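Trainee: Residues per chain, in single letters:
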Amino acid sequence: MITLKNINKTFKVAQRGKGAGAAFKALFKRDYKYIRALNDVSFHIGEGEIVGYIGPNGAGKSTTIKVMSGILSPDSGQCDIMDFTPWKNRREYVKNIGVVFGQRTQLWWDVPIADSFDLLRDIYKIPAAEYARTLDMLTETMGLSEFLNTPLRQVSLGQRMRAEIAASLLHSPKILFLDEPTIGLDAVSKLAVRQFIKAVNAERKLTVILTTHDQNDIEALTDRVILIGRGKILHDGSMQNIKHKFDTYRTLTITFSPREAPAALPGAELVSWSGERAVYRLDTSKITVSSAIGELSKTLNILDMTVETPPIEEIIAGLYAEHGI
Amino acid sequence: MIYFKYVRMVIKSFMQYRASFWLTMIGQFFVSFFAFLGIYLMFARFDNIAGWSFGEVALCFGVVQTAFAVTECFARGFDIFRDFIKQGTFDRIMLRPRSTILQVLGSNFELSRIGRLAQSFVTLGLAASWMDADWNAMKAVTLIFMIVSGVFIFTGIFILGATVCFFTVEGLEFINIFTDGGREIASYPLTIYAKWIMRFFTFIIPFGCFNYLPLMYLTGRAEGRELLYMLTPLAGILFIAPCLGVWRLGVRRYLSTGN
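Residue numbers (the working numbering), protein chains in the order written: chain Y, 1 to 325; chain X, 1 to 259.
Simulated from the structure, these hints should not be mistaken for lab results. Small disclaimer: the values here were computed from a predicted structure and weren't measured. In this text, a Cβ means the ideal position worked out from N, Cα and C, and glycines have one as well. Treat the hints with caution; some may be incorrect.
What follows is a set of in silico ranges between Cβ atoms, one per label pair, in the way DEER data are often shown [as the list claims (entries may be wrong)]:
| id | chain 1 | residue 1 | chain 2 | residue 2 | range |
| --- | --- | --- | --- | --- | --- |
| 1 | Y | Asn89 | X | Gly88 | 21 to 27 Å |
| 2 | Y | Arg36 | X | Glu173 | 30 to 36 Å |
| 3 | X | Met15 | Y | Asp304 | 54 to 60 Å |
| 4 | X | Arg252 | Y | Val13 | 49 to 55 Å |
Bound conformation, chain X alone (with noise of 0.2 Å):
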C-alpha cells in the first residue's frame, strides 16, 4: 500500500539524524513516565479519586497514552500541517494524484513517539494487572477497541486543526486544547469532573466512548448494560467523519484562495 512506502521514505530520511531521534525517543519515554509518576504520587496520598481506585485509573491513563502515542506516530503531518499550507508544501499534495488525507498522513511519521508508545505499553500491563477486574477475552477486545476508538479520535482532532489552517494561519494554539488538552482531562475517569464537562467529552468530542465508558464495563459498574458499555468505543470512531467532511470543505477553500 502506498501509505507504507510514504513511510519507509520519512524513515530513511530520519535515519539521517540519528542522534536525534535516539534523544527525541528517551525524551518522549520519560515526557510519559513523569506524567505518570504524578498519578502514582497522588494515589500515594489518597486512596481513591471519586470511587476510581489506582489500578482504574492508571488503566485509563494508559489507554489514552497508549492512543494519544499512536496518533502522534501515524498523524503527525495534521499536527504540523501550518507549515504545510505556509511552505507552499501542499500545492505539492494537490498535484499529486492520490487522496490529500492520505498523503498528509504519509507525509510525516513520527518514530520517536515510539518512546512514549513503550511507556504506554508498561503502563497499561502494569495497572491492568493492579487492578481488580476478571480479565477475559471480551474484555481484552474492549481494551483493543478503546485503544483503536482512541487513535481515531485523536485522529479525528488532529485533522481539525489541520483545517483551521485552511481558514488562517494565525493563533492555532487553541486546538491544543483538545489535543493535549484533551490527553490530560481523559487520562481520569470522567465522572470526577463536573457534569457539563462530562457531557461535552461524551457527546461534542467523544473521548468518554473510548475511555470511561467501556472503564464502566471494565471495572463492572456497567449495571446491566455491558454490551453497550462494550461497544461505546465503536461509536467513537464515527468522530473521524465530520473531521473528513469538514477537511474536505477546507480543500475546497483552499481551491478558491490559495495561500
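With the rest of the complex left out, here is chain Y (with noise of 0.2 Å):
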C-alpha cells in the first residue's frame, strides 16, 4: 500500500548570527546551512497497518508525513502509495488520504462543525446518501452529537480533536496520517481518541500512520514502530524489540519505616533516598526485581513500592547512543 524507497530531502536553513551588525550583514549576504531531514528512508507498510512513527523533534517525522501526504517532493527517491506518486497527480491522490494536524486546524473556526462539514463534503463531492451514512457513523462513535452545531472556537480541545479526525474520515480515505493527534489532551479525550482510531482501523481497514510523543498512544494502537532520528530510519518493527534491547534496568521506588538510611544493594544504585522513601535503579542482568524486594525486606519494613520500566525516551536515547547520532 505504501512504499518508500530511498527518500532524501535537505533544506536550505538562513543562518544569521546574533545582534545587530549580523542582521545588517544578512541584508546582503546571507549564509545557508544545508539540513539532510530525511536520509535514505525507505519502509512498507500494508493495508490496515497501524504505524507509530516516533523520534524527537526535528527527527523527520513531520517531513516524512508530508512527503507521504503529496506536499513535499523529495530531492532523492520514491515514494508509491496506492499506485500513486503523491507530489505528483496532487488532486488525484489526496481524495484517497486523510491528513490531520495536531497543532492545526481544518475546519472554519467560526462555523459550527456541521457546517465546516458540510463544505467538505462538496469539496470531496461525497454523495450525499454516503456523506449521510457517514457522518451518522462518525458521529455516534466520537460522540459529536453535543457540540456538532457549535462553532470550533467555543468547543474544547479534546472535542475539536475528535471533529477533526471525523473531518478527514468524511470522503472515506484509504489512509489516515496523523500528527500528534493526543497532543495536549487530556486523559479522558486521549482514550476516545485512541479508541475510535482502532474502531475505524477495524471496521475499515484503514490503515493509519500516526506520529506521537505519547508512548500510551503506541502501546495502546500498534506494535509497529519505525523509529526517525536525524533523517534516518534507526528501526522499524515491533516495540516490544526495542524495548527489549534497551530494557536493562527497572526504577524501583520505595516507602518505608523506619526511618533510617536503607542498605546498601549489590547490583543496584541508590539514585535518592530522603526520609521513609528512597529510589533504586536496578540493573537487572546483576539482580532481579524480585531478589531486591526480597533483600530489602530483610532489613526494612516496606510500606509502598513500584517498579518502572525505562520510559520511551531514554529507549530512543539509548537507540541514538548505538548509532552515533
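Hints given; two lone chains; assemble the complex.
Mentor: In C-alpha cells:
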C-alpha cells in the first residue's frame, strides 16, 4: 500500500548571527546551512496496518508525513502509495488520504462544525447518501452530537480533535495520517481518540500512520513502530523488541519505615533517598526485581513500592547512542 | 459551484463580527470618497489636465476604483497570502482535491469592500453623466469590458504578489507599488505621465488596456481606430495567463522547499 524507497530531502536554511551587526550583514549576504531532513528513508506499510512513527522533535517525522501526503517533494527516492506518486497528480491522490495535524485546524473557526463538514462534502464531492451514512457513523462513534452545531472556537480541545479526525474521514479515505493527534488532550479525550482510531481501523481496514510523543498512544494502538532520528530510520519493527533490547534496568521506588538510611544493594544503585522514600536503579543483568525486594524487606518494613520500566525517551536515547548520532 | 460555497462560509464567519463589518464598510466608503474629493478639488482650480476634462478623469477614476474594489472583494486571499504560508494554511489547501487558485480565492471574500464598491458605482454614474460622450449600447458594453478587464489585471497582480511569498516571506511591500500605486496611477488617463510610464503600464502591466485606451474610444479620441480601442480591455484580460503560469511555478517551488 505504501512503499518508500531511498527518500532523501535536504533543506536550505538561512543562517544569521546574533546582534544588529549580523542582522545588517544578512541584508546583503546570507549564509546558508544545509539540513539533511531525510536520509535514505525506506519502509513499507501494508493495508490496514497501524504504524507509530516516532522520534524526537526535528527528527524528520513531519517531513516524512508531508512527503507521503504529497505536499513536499523529496530530492531523490521513490514513494509509491496506492500506485500514486503523492507529489505528482496531487488532486487525484489526495482524495484517498485523510490528514490531521494536531497543532492546526482544518475546520472553519467561526462557523458550526456541521457547516464545515458540509463544505468538506462539497469539496470532496461526496454523494449525499454516502455522506449522511458516514456522518451518522462518525457522530455516533466519536460522540459528536452534543457539539456538532457549536462554532469551532467554542468547543474544547478534546472535542475539537474528535471533530478534526471525523472531518478527515468524511470522504472515506484509505489512509489516515495523524500528526500528533493526542497533543494537549486530557486523559479522557486521549482514550476516546485512541478507541476511535482502533475502531475505524478495524471496521474499514483503514491504514493509519501516526506520529506521537506519547508512548501510551503506541502501546494502545500498535506494536509496529518506525523510529526516526536525524532523518534516518533507526528501527522498524515491534515496540517490544526495542524495549527488550534497551530494557536493561528498572527503577524501584519504595516507601518504608523506620526512618533510617536504607541498606546498599549489590547490583543496584541508590539514586535518591529522603526520610522514608528511596529510589533504586536496578541493573537487571545483575539483580532481579524480586531478589531486590527480598533483600530490602529483610531490613526494612516496606509500606509501598512501584517498579517502573525505562521511559521511551531513554530507550530512544539508547538507540541514538548505538547509532552514534 | 464550489466557489460560492466557500464564499458562503466566509460570509457566515463574517456575520459573527457584525459591528466590525459595518465599521469597516463605512470606513471603506469614505476612503474612496475622499480620494474622489481630491480630484474634484483639483479640477475646481484647473479646468483640465492635459486636455482631459473633469468628467473624463472622473470616469477613469470610477472604472479603476470599481475594478479594484471588486478585486479586493474576490481576490483578497491572494493579498493576505503571506499569512497562508506562515501559518501553514497552504499545506491544508494542497491536501484538498481542488485547484489551489480556486481555494485561495474562496478562502476570503472581503465583504466590507462593498462600501468601496458602492462609492465607486456612484462615481461612475455621476462621471458618465458629466462627461459629454454620446452614450450608446456599444459604449456601455465597452464600459463593462473596462471594469471586467480591470478586475482581471488587478487579480493578476495580486496573484503575482502572492507568488513572491513562495520564494521569500520577507519584504513584500514592494508589490503595493503595483496594487495601491497602480490604482492611483491608473486613476488618471495615462497621457498625463511620462512616455516610459505610459509604455510600462500599457505593455508590461496593461493598466492602459482597461482605462486609457478604451477611454479614447469613449471620448471620441480614437480617430478611426474605434474597434481596436474598444476591444483593448479584452487584451488586458490576457494578462492573467502569465500570472497563472508564474503561480504554478510558485506552487512547484513550494512543493520542493516547504515552509
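Trainee: None of the hints should be skipped; say for each whether it holds.
Mentor: Status of each hint after checking the structure:
no.	hint	result
1	Asn89/Y - Gly88/X: 21 to 27 Å	holds, 22 Å
2	Arg36/Y - Glu173/X: 30 to 36 Å	holds, 35 Å
3	Met15/X - Asp304/Y: 54 to 60 Å	holds, 59 Å
4	Arg252/X - Val13/Y: 49 to 55 Å	violated, 20 Å
In terms of the numbered hints stated before, the structure departs from hint 4 and from no other.
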